[in-house]
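Chain by chain, the residues:
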Amino acid sequence: MAQGSTVEAVVEAGEMRAAKGRSLWADARARFFRNKAAVASLVVLVLVVLFATFGQTVAQWSNEEIDWSLLGNVPQAGGPSLANGHYFGVDETGRDLYARTVQGTRISLAVGIVGALISVVVGTSYGAVAGYVGGRTDGAMMRFVDLMMSIPYMFVLILLLVVFNRSIVMLFLGIGLISWLDMARIARGQTLSIKNKEFVEAAIATGVSTPVIIFRHIVPNLLGVVVVYATLLVPQMIIFESFISFLGLGVQEPNTSWGALINAGADNLRNGTPWMLAFPLSFFIVTLFALFFLGDGLRDALDPKDR
Amino acid sequence: MIPFILRRLLVAIPTILALIVFSFLLMDFAPGSPFATERGVPPEVLANLEAKYGLDKSLIERMGIYIWNVVTQFDFGPSFKFTDRTVNELIAQGFPVTLTYGFWSFVVAVAVGVTLGVMAAVFQNSWLDYLAVGVTVGAQVLPNFVMAPILVIIFTLWLGWLPGGGWQGGQIEYLVMPVIALSTSYMASIARITRSSMLEVLNAGFIRTARAKGLPMRRVVMRHALKPAMMPVISYLGPAFVGMITGSVVVDVFFSTGGIGQFFVNSALARDYSVIMGITILVGMLTVFFNLLVDILYAWIDPKIRY
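Here the protein sequences come in this chain order: A and B. Taking numbering that gives the first Met the number 0, the leading residue of the first sequence gets 0, the next gets one more, and so forth. Taking numbering that gives the first Met the number 0, the leading residue of the second sequence gets 0, the next gets one more, and so forth.
The set of hints was computed from the structure by calculation and includes no laboratory data. Accuracy of the hints is not assured; some may be wrong.
Unchecked claim - Counterexamples of contact, computed for chain A against chain B with all Cβ distances above 10 Å: (1) LEU46; (2) ALA58; (3) ILE112; (4) ASP137; (5) MET140; (6) LEU158; (7) GLY188; (8) SER208; (9) ILE212; (10) ARG215; (11) VAL224; (12) LEU276.
Claimed, not checked - Covered stretches of chain B (in silico footprint by chain A; criterion: 3 or more residues with CB under 8 Å from a CB of chain A, positions within the stretch not fixed): (13) 191 to 201; (14) 243 to 254; (15) 279 to 293.
Glycine included, C-beta positions come from ideal geometry on N, C-alpha and C.
Using the sequences and the accompanying hints, generate a full structural model.
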């Protein structure tokens with residue numbers, strides 16, 4: 000979704016400029032498509048997104064229906080089967096695991112994307128302002144980031160979730176609270192090297208105001224690095240949410256996520272229902288793999304100095 | 000050196016205080032009384048209870064008393080749910096367990112990670128290198144809550160070698176799976192960081208000089224390359240520590256090892272605010288203290304750092 004459209008935007012931008020010779024983006028696109036692992040990952044991710052979006056339409060059960068005919072003997076009869084329409088089997092309460100996986104995939108992807116978006120918006124602005132303004136402001140702003148990074152945020156987040164009741168909104172908010180820290184550091188570092196370039200000097204000389212310089216001249220130039228790290232942040236956010244849901248402190252029933260599904264599968268391991276762990280776990284691992292490879296591919300394509 | 004440590008302490012202490020104040024305010028903000036039960040409590044009893052726990056005082060007074068008790072006596076107060084237990088008793092019971100497997104996980108992650116990284120760099124592009132890179136990429140998508148059920152499937156359900164949980168005073172067979180589950184993804188990160196920084200160092204001029212004067216490769220690596228190559232690894236130890244102490248919660252819950260993570264999650268589910276807060280602050284203190292140690296280690300090893 001977000002990665003897909005960003006990549007498309009990158010590709011489009013490349014195409015627009017290709018006529019005028021090989022632009023930065025065209026080069027990046029060429030480098031990206033030479034990377035087989037990254038392209039394959041992109042395909043996998045598109046499939047996962049399609050699964051999350053349209054998966055429910057081929058399901059024969061909804062994620063809330065309980066298949067009463069299987070409820071008493073899930074370990075014997077609840078396994079994956081095309082005959083009764085439970086492609087991935089059923090969970091311990093007789094709900095269709097395929098529909099539950101679709102639902103969990105939606106939430107996990109949403110968490111990853113929202114977390115990355117927050118970090119892009121907040122982190123980039125914060126880092127660009129700190130880096131451009133410099134001096135004491137920079138010192139104080141980055142000190143605050145250091146302080147936030149030095150506390151074990153998972154514990155604080157769980158404290159937040161307990162106090163303000165566990166809800167998806169709170170989870171998004173809590174993840175958003177910490178996801179921007181790394182991005183702020185990266186954006187600041189890039190800004191420091193950009194702000195002494197001639198085009199910024201030209202903007203200052205022609206009397207452009209500081210906020211306009213930051214958001215019209217500096218931020219667009221951070222985009223390459225930001226896209227790369229945003230892609231690498233998505234899996235981190237997914238892991239983060241799954242961690243909390245694994246502990247039973249994240250999304251609440253009837254909602255679910257990969258972490259919650261993995262937790263349910265792991266809890267039922269000894270009951271002889273391996274499919275309850277296998278399907279969510281495969282989705283989790285395959286998607287994370289694809290995201291990491293995509294991020295690596297994008298880094299090689301957009302951030303050539305890092306090679 | 001001493002002024003440097005003092006200056007770092009000057010940052011560390013406000014961080015801890017800020018964490019205490021933040022947690023305390025959050026807890027105070029939480030809706031509902033900790034003594035509310037379904038049957039309701041007579042006002043006289045409630046008044047007595049509040050007086051016993053000091054809740055009849057003003058917010059500032061209570062916070063002052065709490066901070067004073069934490070700082071001077073390391074006393075986190077009573078648990079609100081279990082009237083016969085204090086937070087300190089829970090910590091005293093769980094902390095040695097967490098410390099035991101946490102320590103071993105840390106040792107395993109650093110020892111195996113560094114060895115793997117150095118070998119991969121020294122024998123770059125050999126099968127050993129590919130194996131190491133493969134392991135690190137694979138381990139990236141195996142966070143502790145994924146590793147834990149996978150380990151149980153393999154070692155408990157299939158092979159039947161290890162018990163699926165419990166602690167029994169920390170006998171080796173109860174220690175193996177928690178340590179592997181907790182250390183794998185950090186071992187991978189350390190290996191990756193070591194490999195890339197070692198490759199960089201091995202291409203440096205002074206290594207060529209050492210090779211040119213005829214030193215054997217083993218000696219070059221051990222005497223000359225290892226120390227500078229360790230710098231990025233050392234700066235990763237702080238985040239690794241935070242990650243492991245957070246991951247200990249998953250280990251405690253999944254393997255029923257009885258560390259502080261188990262108390263943390265149980266209290267989070269039971270809304271036992273004082274326990275959650277006590278553990279959060281304790282973990283925060285540990286983290287800040289550990290980061291301080293890492294900083295000192297860094298400054299001590301790297302002669303370029305001025306303090």
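Hint check results:
Residue-level check passed: LEU46 of chain A sits 17 Å from the nearest beta carbon of chain B, beyond 10 Å. With a closest Cβ-Cβ approach of about 25 Å to chain B, ALA58 of chain A is found to remain outside the 10 Å limit, as its non-interface label requires. No Cβ of chain B comes within 10 Å of the Cβ of ILE112 of chain A; the nearest lies about 18 Å off, and the non-interface call holds. Its beta-carbon lying about 17 Å from the closest one in chain B, ASP137 of chain A satisfies the requirement of being farther than 10 Å from that chain.
No beta-carbon of chain B comes within 10 Å of the beta-carbon of MET140 of chain A; the shortest separation is about 15 Å. With a least beta-carbon separation of about 5 Å from chain B, LEU158 of chain A fails to lie farther than 10 Å from that chain, contradicting its non-interface assignment. Remark: the non-interface label on GLY188 of chain A is consistent with the geometry, its nearest Cβ contact in chain B lying 15 Å away (cut-off 10 Å). Non-interface call for SER208 of chain A relative to chain B: holds, since the shortest CB-CB distance, roughly 34 Å, exceeds 10 Å.
Against the 10 Å criterion, ILE212 of chain A stays outside the reach of chain B, whose nearest CB is about 32 Å from its own CB. ARG215 of chain A, annotated as away from the interface, keeps every beta carbon of chain B farther than 10 Å; the closest lies near 34 Å. Listed as outside the interface, VAL224 of chain A is consistent with that label: its C-beta sits roughly 18 Å from the nearest C-beta of chain B, beyond the 10 Å cut-off. Not every Cβ of chain B is farther than 10 Å from the Cβ of LEU276 of chain A; the closest lies at roughly 6 Å, contradicting the non-interface assignment.
With a threshold of 8 Å between beta carbons, the proposed coverage of the region 191 to 201 of chain B by chain A is violated, since 0 of its residues qualify and at least three are required. For the region 243 to 254 of chain B, the proposed coverage by chain A is satisfied: 6 residues have a C-beta within less than 8 Å of a C-beta in that chain, meeting the threshold of three. Counting residues of the region 279 to 293 of chain B whose CB falls under 8 Å from any CB of chain A gives 6; the rule of at least 3 is met.
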